[in-house]
Amino acid sequence: MKRFLPVEELARDERFVRTSIVAGFNDPRNGRASERAISSARLEPGRAAAPDRARSLMHGIFVGEIQALEGAGRTTYDFDDADAPFALKLDMARQCWDEARHVEISVKLGEHMGTEIGEYTESTFLYEAACVPDPAMRLSGVNRALEGLAIDVFNTMKEFGGASGDPVLHFCEDWMLADEVTHVKMGSDWLRRLTEADPERRARALEFQRTVDKLFSLGGFRGETEENPVQIARRFRELAGFDTEEIDEIAALAAEALADARAREAVAG
Amino acid sequence: MRLTIVPEEFTLVLYDADRIRSVVEEVAAAVGFPDAVEVSLEVDEELAQPLTGSYVDVRDGVLHLWYSGGNVEDTLRARHLDPVRARREFAMGLLRGMDRLAPGFGDAPADDELTDAQRALWDVSAEGRAERAGIAMRPDRARYVYRLACGFTDEADAEYDRLRGGAPISWADLAATAQRLAPDATSPRTGRRDDLRRRR
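First to last, the protein sequences are chains A and B.
Per the working numbering: the first sequence ends with 356, consecutive numbering throughout.
Per the working numbering: the second sequence ends with 1025, consecutive numbering throughout.
It is possible that some hints are incorrect.
[Stated by the list, open to error] What follows is a set of in silico ranges between Cβ atoms, one per label pair, in the way DEER data are often shown:
{"hint": "1", "chain 1": "A", "residue 1": "A124", "chain 2": "B", "residue 2": "E851", "range": "27 to 37 Å"}
{"hint": "2", "chain 1": "A", "residue 1": "R297", "chain 2": "B", "residue 2": "L839", "range": "31 to 41 Å"}
{"hint": "3", "chain 1": "A", "residue 1": "V109", "chain 2": "B", "residue 2": "A992", "range": "43 to 53 Å"}
{"hint": "4", "chain 1": "A", "residue 1": "E101", "chain 2": "B", "residue 2": "L839", "range": "19 to 29 Å"}
{"hint": "5", "chain 1": "A", "residue 1": "R297", "chain 2": "B", "residue 2": "A958", "range": "28 to 38 Å"}
{"hint": "6", "chain 1": "A", "residue 1": "S126", "chain 2": "B", "residue 2": "S865", "range": "21 to 31 Å"}
{"hint": "7", "chain 1": "A", "residue 1": "K89", "chain 2": "B", "residue 2": "G959", "range": "29 to 39 Å"}
{"hint": "8", "chain 1": "B", "residue 1": "A1001", "chain 2": "A", "residue 2": "P115", "range": "37 to 47 Å"}
{"hint": "9", "chain 1": "B", "residue 1": "S865", "chain 2": "A", "residue 2": "P115", "range": "37 to 47 Å"}
{"hint": "10", "chain 1": "A", "residue 1": "D100", "chain 2": "B", "residue 2": "R957", "range": "30 to 40 Å"}
{"hint": "11", "chain 1": "A", "residue 1": "F258", "chain 2": "B", "residue 2": "E980", "range": "19 to 29 Å"}
{"hint": "12", "chain 1": "B", "residue 1": "A935", "chain 2": "A", "residue 2": "E332", "range": "48 to 58 Å"}
{"hint": "13", "chain 1": "B", "residue 1": "G931", "chain 2": "A", "residue 2": "S126", "range": "28 to 38 Å"}
{"hint": "14", "chain 1": "B", "residue 1": "G931", "chain 2": "A", "residue 2": "A124", "range": "37 to 47 Å"}
[What the hints assert, rightly or not] From the derived model, a few chain B residues whose C-beta atoms are all more than 12 Å from chain A:
{"hint": "15", "residue": "R827"}
{"hint": "16", "residue": "D841"}
{"hint": "17", "residue": "P859"}
{"hint": "18", "residue": "A945"}
{"hint": "19", "residue": "P964"}
Simulated from the structure, these hints should not be mistaken for laboratory data.
Because the structure is a prediction, the values reported are computed rather than measured.
All C-beta atoms in this analysis are idealised placements derived from N, C-alpha and C, irrespective of residue type, glycine included.
One chain only, chain B, in its complex shape (with noise of 0.2 Å):
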């Protein structure tokens, strides 16, 4: 896999490029990440924790991972890279961005163009492979997030559990679930979340 890591130098955290490309590579594995991709791969170390998110896209053949330096933090030791988050944060973003890749997903706009519910839908898919490629995952947190997005309701649920579980999934077809369980132009759940990789 070619991988570019940025920064390669952290100055405000004391993450290392090296470890994180070590960790990508090892989760690159585990989930089958094609070798022949070419990956980008951001930190923004200028955000901690919680203040996090993150952004999966492919431009040019390039899949383009952005996260925040939060997200990969040790929520114990501030400003220290915490490897078994990091594990969990890039094997989501590997597997969505070989979503991206396949034929299925050729109409999926943007990740700063999804509502909340969308990306809910296809994180809670993600999650599911993730955990059965063997990387250690938080379902409880998970189910928390994914229901803020698609809402406390046993139909909700029952879409988590589909998708966990490992039902195959297309645009059409998250797009179509996110659109039932969010029907509302007025609700929150239609909405997204700023983008936090957008400066004043």
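Here chain A stands alone, though its shape is the one from the complex (with noise of 0.2 Å):
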């Protein structure tokens, strides 16, 4: 079998379009939203067009599983076991295992919201994100930074299927919150024991997860404001062994990204 296979490879059937972020980044309609008076962006029941947001981020949730599915397989997989103890593949292949579930929740919560499998479309940057070849930074840019965002998106969804009375959404979204906590702290684990006796090692490895963190930012759509779709799950992440110094970090990426995508706008007319 190949190691290190390239976001190419990946096998989809003819249901899977991908879309690339960059051409979201151009479409000339952006940040005409927030013209309006809309009085918060955050997703909630009460809120505009909730249910058609809620479905896209369900299938949006969906995808993001499959991908993390692949790319904790990847990493059970592309490293001897100098380079990754076999420990740390052991986990690895728990997460699998999670993620599969995981899959299968999203087929069934997409079904219960009334969405298809390929009604939007696929990004595939999560999995691109698991590409990198040093499993110090695949485990700061995806278990610590990516399923770091599982927990804020996990922890809306379940707030929005409570507030809704969608008991369905609700108990699902808070046992996958559960996993997410888990492999969060997998990764915080690992990282640590992975550049122990490598401090600069370490630092690129956190540099990669900050990086991950503001890209994932994806220009407001997380955050802690009224301006942000999903909101950081403070209590969550410290389950998962943020602390609060590393949390606030995350929220200033967060406004740093959606200042970004303001400035963007402007020049954009």
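With the hints as a guide, dock the two chains, each given alone in a separate frame, to form the complex.
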């Protein structure tokens, strides 16, 4: 079997249509919605377009889970034991099991919300972040940054389910959220162990994490204000091993990403 | 049917007003929309999916339909019109417009004054009628949208089935049903979502 599988070779059937993040940046409609008198961009049942926003996000979670499965799966195989200890690979194998279950749950939740597989496009940048050749960077970029984002997204969806009186969404998201907390914690623990004697490598890994965190704040997608659909889940991040300083840094990166997006929109007119 | 499309030319999206016109005319024939009624249809091209929303109102005998551009956008090809979604959306709008022109809806408030529950109940009825007129609808999506507004309960589901199945409706009936399903004044279901048309 091939090591370091490029994103182009991911297995997908005809239902999946890929899109590039760049295409989204070039959409001339970007920023126009912020001119509307919408009380909040937070994903809540009483907000504008809440049903379709929730359905679209659920599909994004579904394809994200597929890529998380693929990313964790690659880490079990791409490295020799010298680069990635067997116990780390066992943890990644456990994560694969969780992610596979999350894919199944997400398919069912999609059906529950009236969304078909392939109704929305798939962006593969989650998997692309999981392709870095250093296992320490995969742990920081995938387990800490991306699984950390999953904590924020799942908590937002869980609260959406709770607020709308939807027990199916609420409980499913809660169960998946518990797994994500574990995945982040595994990433934090293994990152510490792999880089114990190499502070420079740890610094590079954490810098990569910051890059991924900013990228995945996606121009205001995640943050702590009314302008952010997905809210940073501080309490669950603490349970996953993030300290307050780290969470503050993620919040600052998110605010920076939103400001960058506003600046891009201003330039585009 | 006298139909005005706003805008006549789209600049932010790759929609074509003539194509939209032909979809509306096809759907109008399918649902039996009266020829004598003047229709103004606006598609707001600044808004993208999934930021969806629509409003149907009658003013001075003219049916005004407003849609977010996201309502008719191809979810797989940004900025392109999806004629299947457009057919669905326009059918619902025309059917609700026909309701507003009927005597039983004389007291109905404007769309931006409807609660989410009132609007969802009305939509369910229109969806069922559109489906029976031969328009391909999305019942699973419709049920979810409805449940968000009217509750994830057996009682709400029974009402959904009744209305979608073709039970005759009037504004008084819809308002009473909404009151029964969402009686709590503090419930989010008695609220209404932001009007996407309004600018800051």
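Evaluated hints:
1. Take A:A124 and B:E851: their Cβ atoms lie about 34 Å apart, and the range 27 to 37 Å holds.
2. Between A:R297 and B:L839 the CB atoms are about 37 Å apart, so this pair conforms to the stated range of 31 to 41 Å.
3. Between A:V109 and B:A992 the CB atoms are about 49 Å apart, so this pair conforms to the stated range of 43 to 53 Å.
4. Between A:E101 and B:L839 the beta carbon distance is about 24 Å. The supplied range of 19 to 29 Å therefore holds.
5. Roughly 55 Å separates the CB atoms of A:R297 and B:A958, a value that falls outside the hinted 28 to 38 Å.
6. Against the hinted window of 21 to 31 Å, the Cβ-Cβ separation of A:S126 and B:S865 comes to about 28 Å, which satisfies the hint.
7. In this structure the hint that A:K89 and B:G959 lie 29 to 39 Å apart at CB is violated, the actual value being about 50 Å.
8. Roughly 45 Å separates the CB atoms of B:A1001 and A:P115, a value that falls within the hinted 37 to 47 Å.
9. Taking 37 to 47 Å as the suggested C-beta distance range, the pair B:S865 and A:P115 does not conform, at roughly 25 Å.
10. The given range of 30 to 40 Å is respected by A:D100 and B:R957, whose C-beta atoms sit roughly 34 Å from each other.
11. Look at A:F258 against B:E980: about 21 Å separates their beta carbons, and that is inside 19 to 29 Å.
12. Against the hinted window of 48 to 58 Å, the Cβ-Cβ separation of B:A935 and A:E332 comes to about 51 Å, which satisfies the hint.
13. Checked against the given bound of 28 to 38 Å, the beta carbons of B:G931 and A:S126, roughly 31 Å apart, stay inside it.
14. At about 29 Å, the CB distance of B:G931 to A:A124 disagrees with the hint of 37 to 47 Å.
15. Its beta-carbon lying about 30 Å from the closest one in chain A, B:R827 satisfies the requirement of being farther than 12 Å from that chain.
16. No Cβ of chain A approaches the Cβ of B:D841 within 12 Å, the least distance being about 17 Å, so the stated non-interface status holds.
17. At roughly 31 Å from the closest C-beta of chain A, the C-beta of B:P859 stays outside 12 Å, upholding its exclusion from the interface.
18. Annotated as non-interface, B:A945 brings its C-beta within 12 Å of a C-beta of chain A; the closest such distance is 9 Å.
19. The beta carbon of B:P964 sits about 8 Å from the closest Cβ of chain A, which is not more than 12 Å, so the claim that it is off the interface is violated.
Hint compliance for this structure: hints 5, 7, 9, 14, 18, 19 are not met, and every other hint is.
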